[in-house]
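Please build the complete structure, drawing on both the sequences and the hints.
If you read the protein sequences in the order shown, they are chains A and B. Throughout the first sequence, residue numbering follows the numbering used here, covering 445 to 539 in sequence. Throughout the second sequence, residue numbering follows the numbering used here, covering 12 to 490 in sequence.
These are calculated hints, taken from the structure and not from any lab test. Heads up, some of the hints might be wrong.
To be verified - Okay, derived cross-link-like pairs now, BS3-like style, lysine-lysine, Cα gap no bigger than 25 Å in a straight line:
id	chain 1	residue 1	chain 2	residue 2
1	B	Lys299	B	Lys258
2	B	Lys452	B	Lys488
3	B	Lys450	A	Lys528
4	B	Lys397	B	Lys450
5	B	Lys97	A	Lys453
6	A	Lys453	B	Lys258
One letter stands for each residue in the lines below.
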Amino acid sequence: MSLSPETVKYVADLSRIELTTEELDKLSKQLQAILGFIDKLNQADISGITATSHILPISNVLREDIPRESLPVEKTLANAPHKKGNFFVVPKVID
Amino acid sequence: MELYRLTAHELLDKLSKKEISPLDLISSVRERIKNNDGLVNAYVRLVDRPAEFKLPPQKNGALCGIPISIKDNICTESLNTECCSKILTGFKPPYDATVIKKLKEAGAVILDTKTNMDEFAFGSSTENSCFGPTHNPWNLDCVPGGSSGGSAAAVASDEAIMALGSDTGGSIRQPAAFCGVVGLKPTYGRVSRYGLIAFASSLDQIGTFTKDIPDCCLLMNVISGHDPMDATSIDVPVPNYIKSLGKNIKGLTIGIPQEYFIEGLNSQVKSIVEEAIAELKKLGAAVKEVSLPHTEYAVPVYYILGTAEASSNLSRFDGVQYGYRANSSNLVQMYKKTRGEGFGQEAKRRILLGTFALSHGYYDAYYLRALKVRTLIKNDFDAVFKDCDCIITPTAPTEAFRIGEKTEDPLQMYLSDIYTISVNLAGIPAISIPCGFTKAKLPVGLQIMAKPFGEETLFQVAHAYERSTQWHKLKPKLQ
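Printed below as a string of structure tokens:
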């Protein structure tokens, strides 16, 4: 599997990460090497094998729907880099 | 005898007999940190101020008065928790992780400064930290291992009595081996992960660093158990782990997987581990060769699943709710700049790899295939545990490597976890205990694995070995 700088750029956009040209170049080469190693997985015989997405034999853990205390607004907003009143502030989304 | 040198169980004994006061103990540990952390850098944000310790109000509890150090990715209410990443700069959690809550209830003293780690636990050397690398107390030019290298080095250098870390692919056991301390990764679901900042949710587990096995049991008694706040924690009764101590191992069967004693294993590490196995045989255990045939796929499976889960978990760091934010008048640009400037190189590498593995057209070839190979790896363990009580391997293929040696070659760095990763993929518990030293006077770790919820077997075997050897008592000179 080859991983072109264009693909890395595309994946970086999907991940919402801005990369410098040097970073893009370096990461492309490193990811290429890592993927080359990962291609070893193609040698494994997986016919008829089911996927393990979770290791425990549990599913749908439910609890009673009982109202309980949640974090107060001040505490929730305390770490926000930018806030106003009871809200997080972000750059304008709609013109 | 300086108090900081003692184990928690020795200190609890002195505290209960009133030979020492909790304040004596705290000032001893504080002095030790002050005098040594300039060399080791086990703690972060400790510039120009001493570590402060807050005594909990409790006057009793299983760990009453014992100071405990916490990795920087476990939430401590109103104490900085930044995963050693620029993107979480200044983050003070609004709540305690369940393990912290339990420790406080048991009377433990939580240090106000956290231990160093690879950013978001991405790494095997504690070099990927925005606070600079931690140094191995046995040789300051070497890495302590990672990602929980700060916790391991703190316990090894007696800058901590005991510590918590997290283990996603070996992040407790490999640094425990490199630093010559006891490191336990419990069964997935044994200890609540509520308040652990997530890296890979199907693999992450909080675990312990201690100076010996009795301390590990003490700490596990406090932090284990089901938690309604963590839907993946399991409602299985917690045994009193202290009862596993002092038992003999006659009649136990130990499996030695041939796939772990191959090319790439350092010859000194190999013979030290073989001597340890011979010692266990002398103590009455039966030893047999076993096979875990899919071992060679563990690292590639891990770097698909671990990065895929990480890419999703780390999407929450976007400059809106907490931490670092770059300025921009455009929302998407703000995200991109914040993440571009806030994440370090290894975090970016893993997010990109994970996003790629999950992206359209590659999902089946990478992610789905990796999930299926994970099943094969788990099946290997199920088969071996049918007739073995535990499995023994080296914890790491080499002794601690030098700082800077692998930073430019991520693939080589990934391979240093080759013996620890399968355990996380299978969800089983494993412990690393000190079992000797190489010619360069660096510690070697012995890894013991057991079936799910088999922690008592780990303690039984590890304590039998510990009682017949002295490795855990040796201390680094720190120079």
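Hint check:
1. B:Lys299 / B:Lys258: Status holds; Cα separation ~21 Å.
2. B:Lys452 / B:Lys488: holds, 11 Å
3. B:Lys450 / A:Lys528: violated, 61 Å
4. B:Lys397 / B:Lys450: The given pair, whose Cα atoms are some 38 Å apart, is violated under the 25 Å limit.
5. B:Lys97 / A:Lys453: holds, 23 Å
6. A:Lys453 / B:Lys258: violated, 58 Å
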